[in-house]
Every structure is written in structure tokens, then in C-alpha cells.
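Protein chains in written order, with the numbering used here: chain A, 1 to 244; chain B, 1 to 244; chain C, 1 to 244; chain D, 1 to 244.
When chains are identical, the list treats them as one kind, so a pair holds in a single copy or across two.
Pairs of lysine to any residue residues, derived as SDA-like cross-links and limited to a Cα-Cα distance of at most 20 Å, are as follows:
id	residue 1	residue 2
1	116	206
2	156	241
3	131	110
4	73	61
5	131	104
6	156	3
7	131	210
8	131	107
9	156	5
10	131	224
11	156	62
12	116	205
13	116	29
14	212	112
15	156	166
16	156	169
17	131	225
For the record, the hints were derived by calculation from the structure and aren't laboratory data.
Number of protein chains: 4
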Amino acid sequence: MTNLFGEFFGTMVLLTFGCGVVANVVLARSRGNGGGWIVITAGWAFAVMLGVFAALATGAPQTDLSPAVTLFKMYAGVYEVPHALATMGVQVLGGIAGGVITWLVYLPHWEITEDKGAKLAVFATAPIVRKFGPALLCEAIATCFLLIAFYTIGSKAAQGVAGIPSGLGVYLTAMVIWAVGLSLGGPTGYALNPARDLGPRIAHAILPIPGKGDSDWAYAWVPVVGPMLGATLAFMICRALQLV
Amino acid sequence: MTNLFGEFFGTMVLLTFGCGVVANVVLARSRGNGGGWIVITAGWAFAVMLGVFAALATGAPQTDLSPAVTLFKMYAGVYEVPHALATMGVQVLGGIAGGVITWLVYLPHWEITEDKGAKLAVFATAPIVRKFGPALLCEAIATCFLLIAFYTIGSKAAQGVAGIPSGLGVYLTAMVIWAVGLSLGGPTGYALNPARDLGPRIAHAILPIPGKGDSDWAYAWVPVVGPMLGATLAFMICRALQLV
Amino acid sequence: MTNLFGEFFGTMVLLTFGCGVVANVVLARSRGNGGGWIVITAGWAFAVMLGVFAALATGAPQTDLSPAVTLFKMYAGVYEVPHALATMGVQVLGGIAGGVITWLVYLPHWEITEDKGAKLAVFATAPIVRKFGPALLCEAIATCFLLIAFYTIGSKAAQGVAGIPSGLGVYLTAMVIWAVGLSLGGPTGYALNPARDLGPRIAHAILPIPGKGDSDWAYAWVPVVGPMLGATLAFMICRALQLV
Amino acid sequence: MTNLFGEFFGTMVLLTFGCGVVANVVLARSRGNGGGWIVITAGWAFAVMLGVFAALATGAPQTDLSPAVTLFKMYAGVYEVPHALATMGVQVLGGIAGGVITWLVYLPHWEITEDKGAKLAVFATAPIVRKFGPALLCEAIATCFLLIAFYTIGSKAAQGVAGIPSGLGVYLTAMVIWAVGLSLGGPTGYALNPARDLGPRIAHAILPIPGKGDSDWAYAWVPVVGPMLGATLAFMICRALQLV
Numbered sequence: 001m002t003n004l005f006g007e008f009f010g011t012m013v014l015l016t017f018g019c020g021v022v023a024n025v026v027l028a029r030s031r032g033n034g035g036g037w038i039v040i041t042a043g044w045a046f047a048v049m050l051g052v053f054a055a056l057a058t059g060a061p062q063t064d065l066s067p068a069v070t071l072f073k074m075y076a077g078v079y080e081v082p083h084a085l086a087t088m089g090v091q092v093l094g095g096i097a098g099g100v101i102t103w104l105v106y107l108p109h110w111e112i113t114e115d116k117g118a119k120l121a122v123f124a125t126a127p128i129v130r131k132f133g134p135a136l137l138c139e140a141i142a143t144c145f146l147l148i149a150f151y152t153i154g155s156k157a158a159q160g161v162a163g164i165p166s167g168l169g170v171y172l173t174a175m176v177i178w179a180v181g182l183s184l185g186g187p188t189g190y191a192l193n194p195a196r197d198l199g200p201r202i203a204h205a206i207l208p209i210p211g212k213g214d215s216d217w218a219y220a221w222v223p224v225v226g227p228m229l230g231a232t233l234a235f236m237i238c239r240a241l242q243l244v
Numbered sequence: 001m002t003n004l005f006g007e008f009f010g011t012m013v014l015l016t017f018g019c020g021v022v023a024n025v026v027l028a029r030s031r032g033n034g035g036g037w038i039v040i041t042a043g044w045a046f047a048v049m050l051g052v053f054a055a056l057a058t059g060a061p062q063t064d065l066s067p068a069v070t071l072f073k074m075y076a077g078v079y080e081v082p083h084a085l086a087t088m089g090v091q092v093l094g095g096i097a098g099g100v101i102t103w104l105v106y107l108p109h110w111e112i113t114e115d116k117g118a119k120l121a122v123f124a125t126a127p128i129v130r131k132f133g134p135a136l137l138c139e140a141i142a143t144c145f146l147l148i149a150f151y152t153i154g155s156k157a158a159q160g161v162a163g164i165p166s167g168l169g170v171y172l173t174a175m176v177i178w179a180v181g182l183s184l185g186g187p188t189g190y191a192l193n194p195a196r197d198l199g200p201r202i203a204h205a206i207l208p209i210p211g212k213g214d215s216d217w218a219y220a221w222v223p224v225v226g227p228m229l230g231a232t233l234a235f236m237i238c239r240a241l242q243l244v
Numbered sequence: 001m002t003n004l005f006g007e008f009f010g011t012m013v014l015l016t017f018g019c020g021v022v023a024n025v026v027l028a029r030s031r032g033n034g035g036g037w038i039v040i041t042a043g044w045a046f047a048v049m050l051g052v053f054a055a056l057a058t059g060a061p062q063t064d065l066s067p068a069v070t071l072f073k074m075y076a077g078v079y080e081v082p083h084a085l086a087t088m089g090v091q092v093l094g095g096i097a098g099g100v101i102t103w104l105v106y107l108p109h110w111e112i113t114e115d116k117g118a119k120l121a122v123f124a125t126a127p128i129v130r131k132f133g134p135a136l137l138c139e140a141i142a143t144c145f146l147l148i149a150f151y152t153i154g155s156k157a158a159q160g161v162a163g164i165p166s167g168l169g170v171y172l173t174a175m176v177i178w179a180v181g182l183s184l185g186g187p188t189g190y191a192l193n194p195a196r197d198l199g200p201r202i203a204h205a206i207l208p209i210p211g212k213g214d215s216d217w218a219y220a221w222v223p224v225v226g227p228m229l230g231a232t233l234a235f236m237i238c239r240a241l242q243l244v
Numbered sequence: 001m002t003n004l005f006g007e008f009f010g011t012m013v014l015l016t017f018g019c020g021v022v023a024n025v026v027l028a029r030s031r032g033n034g035g036g037w038i039v040i041t042a043g044w045a046f047a048v049m050l051g052v053f054a055a056l057a058t059g060a061p062q063t064d065l066s067p068a069v070t071l072f073k074m075y076a077g078v079y080e081v082p083h084a085l086a087t088m089g090v091q092v093l094g095g096i097a098g099g100v101i102t103w104l105v106y107l108p109h110w111e112i113t114e115d116k117g118a119k120l121a122v123f124a125t126a127p128i129v130r131k132f133g134p135a136l137l138c139e140a141i142a143t144c145f146l147l148i149a150f151y152t153i154g155s156k157a158a159q160g161v162a163g164i165p166s167g168l169g170v171y172l173t174a175m176v177i178w179a180v181g182l183s184l185g186g187p188t189g190y191a192l193n194p195a196r197d198l199g200p201r202i203a204h205a206i207l208p209i210p211g212k213g214d215s216d217w218a219y220a221w222v223p224v225v226g227p228m229l230g231a232t233l234a235f236m237i238c239r240a241l242q243l244v
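For reference, chain A alone in the conformation it holds in the complex (with noise of 0.2 Å):
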């Protein structure tokens, strides 16, 4: 139970800080509009340190915060099926809460951003050229690597006999997240996560924004399904590597 609600509460740090940073750099007149994209990276890659710490701190050890990342674990036996889908739950119900959270605090900036995708851009990702298979191979594999990396700094080689210290482990994690964002991230802006997207969106849909767009549900499945393959198959190299 202290697992789903730190679970929950940890997704919904993770994009408070992970919509805010896309609301700075895209919202009109934000004061970090135009920063680009070492500050998006930047900011996304915090906000999964502040989202783990989060999730450590209020009863979730896993600190998944993606259902692609419990989706793999379910696979290597952490979780029941039931959990698993409960956990998926409530990691989406944080991102429609970490949405609502960074719609109130750029209140003032919904009313005088004229651009439609850019206010849906705060929410949910899209992808630069609209071919859906693409897409999904995209975030297939930058999920994928995500895991990888997660599976290999936890490896015993990495860690050493005395492992890395507290905190330095969560540090690296954002950094991972900065790698995937930089090095990965161009073609789909990076969902990695079906909660990201998917809470984001559903907030968006339902939220008073002043003029929005639509939610671009013919994109969402994307998202969700890409990330999720990607779990499937690090899953199955994760095995075949023996890292788990």
C-alpha cells in the first residue's frame, strides 16, 4: 500500500518538474523561453532525481515511476501481475496529478500562448515527422537503452564491493535520463514512459485551459506501446546478459 502511494507520489514529482521545464521553454514570455534543448534535458533529468527521491522517501523502494519499468520487473518476478497493474495505475494517476501541478503554477502563461501545440507540448509528446512506426521503433529503443543502462549500473561489477554510495545512485539515474533526452530524444521528444504521456494528456484534456487544441489521442497509443515493447526487449537481453 506505502508502495502505490510512493509510487504515486514520486510520478507526480517527476512531472511537476518534467512538464514545468517544458512549460519554461515553450510558453510565451516564460523566463526560459527559448533556453533549448540543454534545458529541457536538464530539467527532465532533475525531475526523475527528485521523482525517485520522492518515491524512496514515502514507501516505494522500486521508485519505478513508468510502467515500462515496473512492466519489466513484473517480468523479472518483482511484482504479481495484479500489483503490477495496480502500481501502472497509480503511476499514471501521478502524471495527471504532476500535470494539474504545472498548469497552476504557469497560470497566467495559458491566456497569452497563442501556438495550440505548444501548450499540448507541455503535456504529452509528439513526433517531428508523423509516421507512427517510426515513432514507436524510436521509443522502443530509447526505452530499451534506458533499461539497459538502469540494469547495468546496478550490475555487481558496476557497483564494487562497498557500492556506490547514497544518493550518487539516484544522481546517476537523472543522468542516464540526461542521455536518453540528448542522445535519443530528437525524433519523439522521449516519452520512455507511458505515465508521462499518458497522465500528462489525460490533464491536458480535461484541464480549463484557455484556447487548446485537441489531445492528439490518435498519437497516444504510441507512447504507451513503444515504451512498453522497449521494456520487453531489454527485458529479454537483461536475461540473456544475466543482469537479471
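Since chain A is already given, all that's left is putting chains B, C and D on it; use the hints.
Only chains B, C and D this time, still in chain A's reference frame:
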């Protein structure tokens, strides 16, 4: 007594570097002019890191450097009310001192900068959209998440058995500040800390800065009250989550 | 044998992220397009971090990921010549694999990018001023300083009594890469590593990239020979300094 | 004797990377051209990190790399006057060597860069507003805060019982340099260190750089005297605060 000195000294260091990075980006012909949001937010992150080390080394183990943090700890029983008020007072004095030092470092740039708003921005925050309610909300939420981040990192679960190593904890504090600036700093310029805004604003008011405008006292209460509200909300959340 | 696999796998991860960040910055309409040198250099730094963790976790404790590093260690007696040559071979294969994965991740962007030079730049380096002597000198010096940095960090004096903690050493390796890119990467785009340049250049040559130009084989020997010369020089310096 | 070699070698590494990052940003058509203040300041931070590791590994446990730091320690009794003077001398020699190496790395870019000021900027600092008093004040204050940062991080309270782990302390030193550059580097380009400015300025004077202008010897005393004054002030403050 040493605690008061350390809080003064640490806040002075914080504001020297904090106001300094804004000066570098906004004052005319400075080397960092136009360096953008990544420069601003990195500068404030490291400013806090140096301020915390300075406070630690000079007798202030709490390293609050902010009346909002001190208020939170007063709720938690760390301070009696008079001690909390004295701590807040010296923090504001440290903020004034930091603003004065920044003014000295950038001495020849005040005259060649025409923009009155830029000159004030070195010292004090301002909302992009001039509505005080949303600005108050933004400052309260951002400060609340800042404190939640500190207390989740400080939790037993995050510290682990051996604890986060010396030095790394302070570095992570800086990364939290970076995160908040990147993600939640867009609408108001993230004061988060009454001493950060009020102290340098007083410095702006009293310093003989050529061609300065007014110190925008109409807004000055928002970055004081907002962070205090945020700290109050954060205390209620952290208490409910048994983090404090 | 596992060492060869780990070197292959780690170099594949390195080049997936390394080529990926260049793709993100130079391919048309990618999210990171125009992100600039800070994005490129940060991406390569974290690419090496992830590559090292991947190699560590899959049986390659040396984590060379570069024929130049392997050559240095062959001089130092870590490898017999045949083992060194085999290691270099799998590193180049890993580089090819990484180039192929980047091509898949950025699949829809090859067609919409007109600039043939940009497409080649994702895979292979090129000197700004097309003079091979100075380019060779630049690559040799940069690789030499890279190896000196690794061996000074690995020295007893720098490791101290307790040693640099697990995880932190790998992170510092990434920071070294960031440093070399920022400071010495300007003239040639810092290959530093024959597998980094030759592997993806082969991928460029064989992949069905729409509208690609030639693979600039005339230059291909420079980022192979330059780093090998640099490693030789670095070994002589480190031996003289008793660092190896 | 090894201490003198280590100080020479470490300062050479520091200036190779330090001058290198400026060359990358200001020389015509370099990859990092126009990379901005974040690139410059990150490059100098990591330059110091690599310089410190290089000095540590080659017999200079003090890792001063700067006559200003050495002066501070002479006041503190670490050095006798002749040893301090010899140390300062080899630091300047290291600075010359670093400037020469940067010149070699960027060899083809000197001819294609027309701006004489840019070419000098690779080697030596200059104030934006050409008033020597304020420039001296800026350099003194910035150096003073630099040394206060080092000594507060080195304090018992900041080190804690177990001490800051190996490697992390050097990394934090780099972050201090990043902070000073971001926040206090705007008016003069932050020499902070006589060897950083004087050494490469001598290199500029003697190297056969095509189309170079004069070496601006009129200003050369400021980045020597300013940091020395700052170190003196810092020593008085640190002594008063019982940090030394």
C-alpha cells in the same frame, strides 16, 4: 550566536553568487550577456552550494539561508520563535550584503546598462504577467516542492544505512535548486526565499546605482509571503508523510 | 571471451548515444536541432559513461571502448598483441552497431535532411580546415591528454586511501570526456578513438541512407592514426611520470 | 622538487584546457564557435579538475596551480617564502606551456581568424569596460570568494566525520570554478590566477601567431595584482573565521 553569524555569512555568499549570475546575463556588455536560462539556473544552483558550505563552515549547521526554511523548521521544533525571527533577520542582512558585493563586482556595468528593469532584475524578482495572485501561487508551489525535495533527500530511506557522503549532500542540494529553477522558475523568476528577494531589493533601493528605476515595492510582498505559504504547506505535507 | 563481448557491447552503447546526440543536433527538424556545442559535448560525455557501465556489467573490466586505450594498455603489458588486436576489432564492430542503431532511431529524419555533410557528421568526424597534418596533430594531442587524465585520476595520490567510490569514477570519466570535447574538440570534432570514427563511418557507407554523400574515406585514416599516435605519446609520458 | 614539477604539470594541463575552451568558442569556424558562456565556464571548471588531478598524480599534493593560492598558503605557513616564489614561478611556466599546446591544437584556425582581439582572448583576459580600478576590484573580490569557497569546503564541519570521498572533493573544486565563472566572471573574464593570465600572455607574445595584435601588456598587471590582493583579503577573512 555563531549560528546567526553562519546564516548571515552563508546567505551573503548565496546572494553574491546569485545576484552575480543575473548581472552577468542581463547587464550590458557583460561576458555572459545573453547566456540564457541555463546560465541563470546553473549559477543559482552553485550559489546555493557555496552558501551552504559557507554557513556550515562558520557555525550554522542548519544552513537554512532562507526564512522559508527557517519557518519550516520552527514548525518542526528546531527553533524557538525568537531564535527563528533572529535567524530570518540575519538572513535578510546577508541578502543585503550579497547585493552590495554584486554591485561592486559589476561596478562599471551599471552606467552602460540603460534598461532600468535589467538593473532591478539583478537584485529582485518580478513576475512576467503582472498578476499577484498567480505569482503568489507559483512562488508557494515552487517553495513547497523545494522543501519536499530537501526532506525526501534527507529521509532515512534516501540516506540509506551509510548516509549520503559528506559533500555529496550539499551538491545534491544545488541540483535541487537547479531543478526548481529549470522547471518552476518561469513565471516569477523563482525567489523561493524571502531573504533572496527582500535583501537585495533593499540593496537596490539604497545603493547609488546610476540611472536606476524604483525598486518595485508593490511586488515585494509576494516573494516574501509566497515562500512562507509554501513552507507552511510543505510542513503540513511532510508531517503527514512522516518526513519530519 | 566475455571481455571481447563486453568491449563490443560497451562500444555499441557508446556509439548509439554518441552518434545519437550529433543526429539530434544536426538532422533537420530534430528536437535538439541547433542545440549547440554544449549539447554535443554533454551527450558524448554521458555516452561514454553509459558505455563504460555497459562494458563493466557484461564482462569487460578494462572498459577500454577504444583501440587507442587498448594500445596504451598493450604497451603497459595488460594485453598480449593478439588479444589487443581482437579487442580493437570488436570495438570497431561495436562502433558499426552503434551507428546502425542511431540510424534506426532517427529513421524519418534522413530523408528530410538535405545536407549531405550533416548526415555524414552523425557518423564520422571531419576537420574544419582540411589540412591533414594539423588534424593529425590535434587528434594526437587531444587523445594524449585524455589518457593522461585517466591515468592521473587513477593514480594512488588521486585515489587516496579509500579509493574513489564506485560509480563516481565512471562519472568522472564522463566529465573528462566533456572537458576534452569542450576544450580540444574544436578543430576536428574530437574522434579520440578509432572505433568511434571508423565503426560508424563503415555504417554510413553500408546503410541505405537516402541522399547520402560519400563517406569521406580520404580523411578516415586521420582519426585512426592520430589517436594511436596520441596513445603512444601518452604512454611515454605516463611511463616517465611513473603513472603506469 | 616533485612538488615543483607537479605544480608545473598541473598548471600546464589547466591552461591547455582553459585556453582551449576559449579558442573553441572564439576562433573562426571552430566547432564550438558561438557556444556561449555556458561552454566557456564549463570548460574552465573541468580544466581545473583535470589540472588538480594531474598535479596530485605527479607529486604536488597542494595542487595550488595558482600564485594566488600559493600566496594564501604562504601566509598560512605552508610554504617558506623561497619555496612559495619557486612554486609561483613554475606555475607561470606551466601557463606558458599550456598556451603553447592550445596554439598547436588550434593550429589552422589562427590564420582564418581575423579578429586580433579574439586571438588574444584565447590567451589572456581583458576587462569589458577599460577602467583598471574596477577591474582590479572585480578580480580581487572574485579571487577572495574563490578561496573562501575552497576553505569552507575544506572545513571540519563541511568534511564531516568521514571526510568528502576521494575524487568528489576535486569535482567540487571544479564546481566552485564553474560558480565563480558564471557569477563573477562577467566584467573581466575572471583570471583569478596570475599564472592563468601571465603565462599564456607570454605565450601569445612569443608564438608566431599569424595576424596577431599586441599582447596588451598595459593591462597585464591587473590579473596579477588583483588575485594577489584577493588572496590577501581571503586570508584575513579565513583567519578571522578560524578556517585556516
